[in-house]
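J.: Spelled out, the chains give:
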Amino acid sequence: MSIQDQIQSILLEMRRGTLIISVLSQLKENEYGYSLVSKLEAKGMSVEPGTLYPLLRRLEKQGLLESSWDITENRPRRYYRLSQDGMICLKILSSEWQNQHDIMSKLLSEEE
Amino acid sequence: MKLIERYVYACIRHLPKNIRDDVSQELTSEIETMIDEHKVNGTNEREAIQMTLESLGDPKQLASQYIDKPTYLIGPLYYPTFIMVSKIVLLAVTIGLTVAFFVRTFLQTQPIGYSIVGEYLASIFSGGVQSVAWVVFIFVLLERADDASFKKEITANSWSVDQLPELPALKKSLRSEGIVGLIFTLIFFILLNTRLEWFSAFIISNGTQSTSIPMFNLASKNDWLLLFNVSLLFSVVVHFWYIIKPYPTPKQFFSLVTLELISLVIIVIAFQIYSPLNPELFIQLTPTNQTLIDLWGQVVGNAGWYIGFFGLLGITLDSISYIKNKR
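Protein sequences appear in the order of chains A and B.
Counting with the working numbering, you get residues 1 to 112 for the letters of the first sequence.
Counting with the working numbering, you get residues 1001 to 1327 for the letters of the second sequence.
What the hints contain is simulated information worked out from the structure, not anything from laboratory work.
Check the hints yourself; a few may be wrong.
Said to hold, decoys possible - Distance condition first, Cα-Cα at most 25 Å in a straight line; then the derived DSS-like pairs of lysine-lysine: (1) B:1087 / B:1039; (2) A:39 / A:61; (3) A:39 / A:28; (4) B:1087 / B:1245; (5) B:1039 / A:39; (6) B:1017 / B:1002; (7) A:39 / A:91; (8) B:1069 / A:61; (9) B:1017 / B:1087; (10) A:91 / A:106; (11) B:1039 / B:1002; (12) A:28 / A:61; (13) B:1039 / A:43; (14) B:1017 / A:61; (15) A:61 / B:1060.
Bear in mind that the values here come from a model prediction, so they are computed numbers and not experimental data.
Sequences and hints are given; from them, build the entire structure.
T.: This is the structure we're talking about:
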């Protein structure tokens, strides 16, 4: 494996680790799968639809999200939003993320 | 539009039935939205469909992400042991059946014909398939049990250093005992269920004619064989456990001893209630020798107690040896 491949693989792992918190952070309001892909993309977080759609269902099964079908428009859509547990989880994760960010900043500044 | 249906079908056919309709509806809706988005940007419909489906990737891979349970029977943790045990079992069954075949042909004093060789090959095939099926079944149970206990441990956060396995160099490994025990148990199980007539005494009269007298009581076969099988199944589980976890913790060892005791109790019950040994064996073998006939009568009547006694002795000695090793 070349150094470029290794970097790509590490970057992929890093992004995987941040995906759930990114998704939770954008679901304080109702979103359907593709609208969430676009929302994340617009904020610089690129995510494959094929990764996101199953993830939304898994998070719902874990009780962090709740969903409902909207059949009032011409195309029925499934909307997801944070559940009560999801909100608590997001709060804890955000705080932990800040903590990790501070630690990493300190570690990386020592490197420089 | 046909392409969308084909894509959705290619994905949901790999999913459990209870979520197929729901995923199908949601995925179709999302795909159509994505296609509309491409069309707004000036792409024609056919290209928009193609771009959308390609961005979702291989439908089989997409389906795998919807499934959160393991889709394998035997996982990477047990796979190498599964292969090892399967090889041992297949070898043992082949050797056991071959030895039994040669003993039988030797005693029968009949020329070896195609039918006997065919029967021998068929018995190896069916014995091999049966034994591997049992190995798979037990490993699947282990895999599921391990998965459940792992999840329980994670939730309870109850791990302590006492649960660490012993170092191989310091403590006695029970793996070899497990392998030998498993081989003999499986051979016995297969022969008992497929070739019961091989457990017979053969009388050769007039130099060529041979008569076989079954060792087991064929009249009550259906009753005792069921109990034998249940007992052997417990025994197989114990041997497997020793192979997979050759250095059991005290808690695991206690569970194993319990299983061995259950197996023993079942076999004692089978012997005492259904009398699996042929009570007329010696009447037919040596009709004039009353001493042997009486002795056999005693054996048949009390076989369960003898087995119970020696079985219990074995379990006790194993437990003492385990405790000594532990210290």
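J.: With reference to the structure, classify each hint as holding or not holding.
T.: Each hint tested on the structure:
no. : hint            : in the structure
1   : B:1087 / B:1039 : 58 Å, violated
2   : A:39 / A:61     : 23 Å, holds
3   : A:39 / A:28     : 13 Å, holds
4   : B:1087 / B:1245 : 18 Å, holds
5   : B:1039 / A:39   : 19 Å, holds
6   : B:1017 / B:1002 : 22 Å, holds
7   : A:39 / A:91     : 20 Å, holds
8   : B:1069 / A:61   : 12 Å, holds
9   : B:1017 / B:1087 : 36 Å, violated
10  : A:91 / A:106    : 23 Å, holds
11  : B:1039 / B:1002 : 18 Å, holds
12  : A:28 / A:61     : 18 Å, holds
13  : B:1039 / A:43   : 23 Å, holds
14  : B:1017 / A:61   : 16 Å, holds
15  : A:61 / B:1060   : 21 Å, holds
Checked against the numbered hints given earlier, the structure breaks hints 1, 9 and satisfies all the rest.
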